[in-house]
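Chains as they are written, first to last, in our numbering: chain A, 101 to 703; chain B, 101 to 703.
To be clear, the hints were calculated from the coordinates, so they are not data collected in a lab.
Please note: incorrect hints may appear among the correct ones.
One copy or two, it doesn't matter: identical chains are merged, so the pair holds either way.
[Stated by the list, open to error] No farther apart than 20 angstroms at their CA atoms in a straight line, the calculated lysine to aspartate or glutamate pairs in the DMTMM-like style are these:
| no. | residue 1 | residue 2 |
| --- | --- | --- |
| 1 | LYS697 | GLU156 |
| 2 | LYS202 | GLU693 |
| 3 | LYS157 | GLU170 |
| 4 | LYS555 | GLU107 |
| 5 | LYS221 | ASP115 |
| 6 | LYS289 | GLU694 |
| 7 | LYS228 | ASP200 |
| 8 | LYS221 | GLU681 |
| 9 | LYS202 | ASP119 |
| 10 | LYS547 | ASP115 |
| 11 | LYS688 | ASP616 |
| 12 | LYS492 | GLU693 |
| 13 | LYS555 | ASP273 |
| 14 | LYS274 | ASP494 |
| 15 | LYS157 | GLU631 |
| 16 | LYS228 | ASP349 |
| 17 | LYS228 | ASP465 |
| 18 | LYS665 | GLU421 |
| 19 | LYS547 | ASP346 |
| 20 | LYS459 | GLU620 |
There are 2 protein chains.
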Amino acid sequence: MLTNMSEFFLRTLRDDPADAEVASHKLLVRAGYIRRVAPGIYTWLPLGLKVLRNIEKVVREEMTAIGAQELHFPALLPREPYEKTNRWEEYGPNLFRLQDRKHADYLLAPTHEEMFTLAVKDMYSSYKDLPVLLYQIQTKYRDEARPRAGVIRGREFVMKDSYSFDIDDAGLDKSYELHRQAYQRIFDKLGLPYVICEAQSGAMGGSRSEEFLYPNEMGEDTFVRSPGGYTANAEAVTTVVPDPVDASDVPAKELRSTPGASTIDSLVELSNEMYPREDRPWEAADTLKSYVVTLTHPDGTREVVNIGIPGDRAVDEKRLEAAFAPAEVEIATPEDLEAHPELVPGYLGPEVCGPNSDKRTHDEDGNPQGSIRFLVDPRVVDGTTWIAGGNKVDHHVYNLVMGRDFTADGTVEVAEIREGDPAPDGSGPLELARGVEIAHIFQLGRKYAEALDLKVLDQNGKTQVVTMGSYGLGVSRVVAAMVESHHDDLGLSWPMIVAPFHLQVLAAGKGDEIMDTAKELAEAVSAAGFEVLFDDRAKVSAGVKFADSELLGMPYVLVVGRGLKNGVVELRDRRGGESREIPVEEAKTAIIEELEKNRGSSR
Amino acid sequence: MLTNMSEFFLRTLRDDPADAEVASHKLLVRAGYIRRVAPGIYTWLPLGLKVLRNIEKVVREEMTAIGAQELHFPALLPREPYEKTNRWEEYGPNLFRLQDRKHADYLLAPTHEEMFTLAVKDMYSSYKDLPVLLYQIQTKYRDEARPRAGVIRGREFVMKDSYSFDIDDAGLDKSYELHRQAYQRIFDKLGLPYVICEAQSGAMGGSRSEEFLYPNEMGEDTFVRSPGGYTANAEAVTTVVPDPVDASDVPAKELRSTPGASTIDSLVELSNEMYPREDRPWEAADTLKSYVVTLTHPDGTREVVNIGIPGDRAVDEKRLEAAFAPAEVEIATPEDLEAHPELVPGYLGPEVCGPNSDKRTHDEDGNPQGSIRFLVDPRVVDGTTWIAGGNKVDHHVYNLVMGRDFTADGTVEVAEIREGDPAPDGSGPLELARGVEIAHIFQLGRKYAEALDLKVLDQNGKTQVVTMGSYGLGVSRVVAAMVESHHDDLGLSWPMIVAPFHLQVLAAGKGDEIMDTAKELAEAVSAAGFEVLFDDRAKVSAGVKFADSELLGMPYVLVVGRGLKNGVVELRDRRGGESREIPVEEAKTAIIEELEKNRGSSR
């Protein structure tokens with residue numbers, strides 16, 4: 101189809117939008133692809149909508165190829181099913197909730213596990229009906245605390261979400277693998293680089309889970325990779341647990357005066373001054389830091405927890421959040437601490453917490469009570485020796501040995517991952533990188549099927565709970581990731597497969613001949629089945645047209661200009677290829693041939 | 101593409117859903133096209149989604165043909181723009197409202213006039229940019245008081261809404277006409293009957309407005325048509341105003357005792373008994389009925405209004421609503437009446453209301469006050485003589501002459517339209533019919549552009565307010581209308597142009613030969629570019645397969661069954677055509693030829 105720029109609903113902007121920090125956000129707004137309506141809520145202008153639809157097309161093709169069937173659920177959903185799976189509460193403030201005119205509770209769905217589960221329950225009843233893969237491409241809602249980077253993290257966004265239903269774990273593995281491969285084909289087709297990272301399943305429940313990340317410095321997710329091929333989201337990395345240490349030679353613990361040493365740095369400095377050891381100086385790694393947090397559980401109850409981690413490691417906020425999900429975590433407030441007078445800020449140690457406390461008892465169900473829970477970093481193994489808070493102002497306890505002088509209620513993975521930490525699978529030291537989550541695949545298992553009572557009859561006529569997978573792909577986010585990976589200083593640069601137009605034709609110069617020739621060629625290429633944008637604007641300079649074409653980023657640009665008097669036109673390859681002059685009489689054939697050769701290309 | 105029924109996400113139901121009253125609702129649910137999630141909120145199962153997308157495709161083609169450009173606005177919108185046009189309030193309880201985590205007000209958009217206006221304001225600044233036609237196909241929300249009939253009146257629905265922007269009225273007329281013609285082509289292509297009715301523009305504001313109705317008894321809208329070709333929505337019909345009557349011979353008004361005659365019927369009976377007239381009996385048409393309503397204006401103020409209409413006419417609720425929109429109307433409550441002790445229930449007449457009341461004064465702006473407003477039916481012209489309430493229990497006043505004994509604050513169109521009433525354009529007596537509104541086109545004029553300050557520079561460099569049109573088409577509702585017009589007792593019956601599959605192939609009988617031949621033919625037709633549904637279910641009887649195929653309603657059904665041993669297969673035309681036997685060796689060619697001949701057909 102041929103679109104005349106003089107009539108096209110498009111205005112390019114000279115300046116970056118004030119709120120934009122990343123390239124994709126800036127360029128998509130400046131080039132007239134999207135417009136902001138509210139925080140995290142965007143309009144898709146004609147150019148942006150074309151790209152979005154082209155990406156959807158690739159996704160649909162690959163979903164169809166693995167036998168997935170498309171349907172479409174409402175975005176506005178009643179509370180009940182989400183209540184049954186606990187997600188009405190667990191989603192917390194991320195869920196848009198509303199009431200209808202009869203005061204019934206509704207939500208705007210962030211994902212549709214519940215609805216797909218109920219649909220299969222409604223339609224199917226036998227193992228013979230399984231497996232089934234179902235998907236939709238749909239507008240979704242999430243009330244993000246910090247929407248950012250244009251359509252990278254929006255509050256209304258387009259997602260492809262699919263779900264698999266199998267009778268057994270082997271079936272789930274197969275459905276999971278089908279999606280994994282389909283996603284690889286999708287991103288390969290789009291020419292979008294990705295890494296597949298082990299992930300935590302977070303609020304979704306379930307077991308195996310991987311994220312597809314587009315690696316880029318502007319990404320919000322940290323991931324790790326090792327020389328041996330291990331890749332994981334930072335939240336999912338497990339610490340390599342050291343062997344227990346023989347502490348039989350360690351002297352008895354000793355409470356020492358450490359006036360004013362309420363921070364790790366001052367404690368190390370003071371220890372080296374007042375209590376130097378012979379073989380080597382004290383280091384932050386010798387101290388056990390107490391990190392006190394308050395959890396808000398989904399039922400609203402608050403719980404103070406003390407976490408002991410080596411003093412040389414910071415707490416990673418995302419790992420902290422992931423470790424305690426679905427509870428929300430915050431640093432304990434002064435009010436939280438007041439309720440526990442045994443906790444002495446700056447001098448808090450393990451001995452008054454968890455199983456070490458005299459106050460520790462257990463309720464009827466065996467749950468600990470009386471003292472707050474005490475969890476430690478996995479590196480705090482039996483026999484390790486620490487300087488820890490003495491639970492008394494200006495005092496610390498030295499030679500405190502894990503397993504001898506204190507124990508914990510368990511371990512927790514909240515310490516930061518560092519460049520050079522060992523990969524959990526032994527594949528070498530970890531390297532840290534950042535990326536944008538573009539897809540996520542989960543083995544949900546039976547959590548949703550159990551909550552919503554999705555059972556079928558098996559081969560023996562017995563009812564079995566169905567096992568499920570959930571597979572999301574952020575279609576609108578992929579638009580932005582495509583821009584991040586396909587642009588230069590001048591503007592966008594689309595690969596053929598997603599470009600809103602395959603060719604932009606510039607009438608760059610004055611006179612009817614230039615305009616007529618440009619129009620003729622634009623029409624000819626359009627008639628050959630390509631999308632052509634014809635810059636037919638009469639009173640716009642060639643310079644502006646060039647700059648606009650570079651900003652808009654169509655893969656090919658045909659310039660009909662000064663060269664025409666020498667009988668040539670110029671075909672430019674926006675994607676970094678050569679530009680070449682073509683005799684005007686051969687132009688139509690040559691251009692169509694070039695476009696045809698690259699139809700659907702991801703370059 | 102070929103879809104095997106054994107793997108297809110589909111279950112047909114034997115029974116109609118309990119809540120379904122109309123054929124389309126029953127059949128779409130029973131045949132597995134849609135499923136209810138909440139009142140007025142439906143899931144589109146794979147079959148239903150295919151039909152929806154096919155209709156969208158037709159709509160897109162015709163929108164593109166008139167030069168309209170597609171974009172996509174969010175459904176979740178901030179309050180501000182709707183506040184500026186007053187629609188945040190005017191929409192009343194029909195609007196889904198919600199707050200985000202920061203307690204900012206949002207809505208789920210029912211239509212997008214505001215957003216399109218702001219988009220054009222953002223992008224365009226000169227008359228040279230106009231006209232522009234923009235549209236989207238989008239999920240919309242309306243918190244209907246009475247969702248009904250499946251996807252006919254839903255709370256989440258798919259709509260194509262487009263908007264035109266012109267510099268002057270002539271341009272608007274042209275844009276309006278383009279849409280009108282495009283809609284005619286769309287419904288013609290779909291084979292969906294329609295009438296174009298004059299309409300009231302209601303809460304949308306603006307001037308010229310027409311509805312496209314699919315005429316059907318199950319419809320909620322009443323429309324009228326005349327032998328001379330006049331068609332209008334009942335709300336839009338204007339009364340033919342009679343000429344004034346010479347009342348110089350009418351005796352003076354007279355207050356008479358009418359004990360117990362507090363209804364029109366009893367008043368007529370009593371008048372004929374106690375006060376018979378010589379020439380003919382009294383009739384309801386001789387009485388002037390007082391109909392007292394309370395309006396709730398958008399700003400929340402309540403106003404009691406008395407409406408005088410001939411006693412032989414009922415009030416039409418929809419005309420009543422339309423007449424006072426955007427105010428909401430209800431019958432005056434006892435509390436409302438108590439505030440006006442001059443209103444004597446059952447005996448209320450014009451003399452204590454409106455300009456006839458001694459209490460009538462005017463405020464500084466000339467607005468009437470002191471007495472409630474009194475409006476009359478347009479048939480109450482000067483010189484007409486009435487029996488009306490005497491504003492005293494058990495009394496009426498006779499020989500009350502309009503213009504002599506009382507006047508009104510104006511006229512109002514709330515009386516029912518009756519079969520045989522004259523068409524306002526003189527084209528003959530009106531016939532009444534019912535229909536479903538499938539599209540609505542409006543000349544909005546400058547209301548939204550003024551409220552949101554959309555101005556462009558004209559030829560003389562002066563700023564001009566842009567004039568707009570708004571053109572909605574109910575895509576999901578059209579699915580239901582298509583079913584209403586394309587079904588029989590056995591089930592659905594899709595025309596080729598929207599059918600989810602063009603051909604359903606039945607392997608109807610036992611044995612590998614039947615299954616293999618059926619599969620081979622299904623594959624061959626699919627390979628020729630048609631959508632084929634292959635009923636390959638192994639343990640399902642031929643009878644069930646036949647019944648399912650009739651319920652599902654694909655335009656062609658190929659039966660490979662008993663005839664195969666005589667070398668023939670049977671091609672059935674579901675749409676009421678002949679079924680014919682075809683030698684199996686010619687089947688592939690014959691079927692493809694038949695389908696090709698009818699590709700895109702609306703039959």
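Results for each hint:
1. Neither within a single protomer nor between protomers do LYS697 and GLU156 lie at most 20 angstroms apart by alpha-carbon distance, with minima of 23 angstroms and 31 angstroms respectively.
2. Taking the shortest Cα distances, LYS202 and GLU693 never come within 20 angstroms of each other, neither inside one copy (62 angstroms) nor across copies (55 angstroms).
3. In this assembly of identical chains, LYS157 and GLU170 lie within 20 angstroms of each other by CA distance both inside one copy and across copies; the values are 12 angstroms within and 17 angstroms between.
4. Taking identical chains as interchangeable, the C-alpha atoms of LYS555 and GLU107 lie at most 20 angstroms apart only when they sit on different chains, with a minimum of 18 angstroms there against 56 angstroms within one chain.
5. Taking the shortest alpha-carbon separations for LYS221 and ASP115, only the inter-copy value of 18 angstroms comes in at or below 20 angstroms, while the best intra-copy value is 53 angstroms.
6. For the identical chains of this complex, LYS289 and GLU694 are intra-copy neighbours only, at 19 angstroms inside a copy versus 37 angstroms across copies, given an alpha-carbon limit of 20 angstroms.
7. For the homomeric pair LYS228 and ASP200, neither the shortest alpha-carbon distance inside one copy (40 angstroms) nor that between copies (44 angstroms) is at most 20 angstroms.
8. In this homomeric assembly, LYS221 and GLU681 never come within 20 angstroms of each other (Cα to Cα): the closest approach is 63 angstroms inside a single copy and 40 angstroms across copies.
9. In the homo-oligomer, the alpha carbons of LYS202 and ASP119 lie at most 20 angstroms apart only across protomers (19 angstroms), although the nearest pairing inside one protomer, at 39 angstroms, exceeds that limit.
10. For the identical chains of this complex, LYS547 and ASP115 are neighbours neither inside a copy (49 angstroms) nor across copies (32 angstroms), given an alpha-carbon limit of 20 angstroms.
11. In this assembly of identical chains, LYS688 and ASP616 lie within 20 angstroms of each other by CA distance solely inside one copy; the values are 14 angstroms within and 48 angstroms between copies.
12. With identical chains, the CA atoms of LYS492 and GLU693 are never at most 20 angstroms apart, being 81 angstroms at best within one copy and 92 angstroms at best between copies.
13. In this homomeric assembly, LYS555 and ASP273 come within 20 angstroms of each other (Cα to Cα) only inside a single copy, at 19 angstroms, whereas the closest approach across copies is 59 angstroms.
14. Within a single copy, LYS274 and ASP494 get their C-alpha atoms no closer than 59 angstroms, and across copies no closer than 85 angstroms, so neither meets the 20 angstroms cut-off.
15. In this assembly of identical chains, the alpha carbons of LYS157 and GLU631 lie at most 20 angstroms apart whether taken from the same copy (16 angstroms) or from different copies (18 angstroms).
16. With identical chains, the CA atoms of LYS228 and ASP349 are never at most 20 angstroms apart, being 65 angstroms at best within one copy and 90 angstroms at best between copies.
17. Proximity of LYS228 and ASP465 under a CA criterion of 20 angstroms is satisfied in neither setting, with 41 angstroms inside one chain copy and 77 angstroms between copies.
18. For the identical chains of this complex, LYS665 and GLU421 are neighbours neither inside a copy (67 angstroms) nor across copies (69 angstroms), given an alpha-carbon limit of 20 angstroms.
19. Within a single copy, LYS547 and ASP346 get their C-alpha atoms no closer than 43 angstroms, and across copies no closer than 83 angstroms, so neither meets the 20 angstroms cut-off.
20. Taking the closest pair of Cα atoms, LYS459 and GLU620 never come within 20 angstroms of each other, the shortest separation being 88 angstroms inside a single copy and 77 angstroms across copies.
Checked against the numbered hints given earlier, this structure breaks hints 1, 2, 7, 8, 10, 12, 14, 16, 17, 18, 19 and 20; the rest are met.
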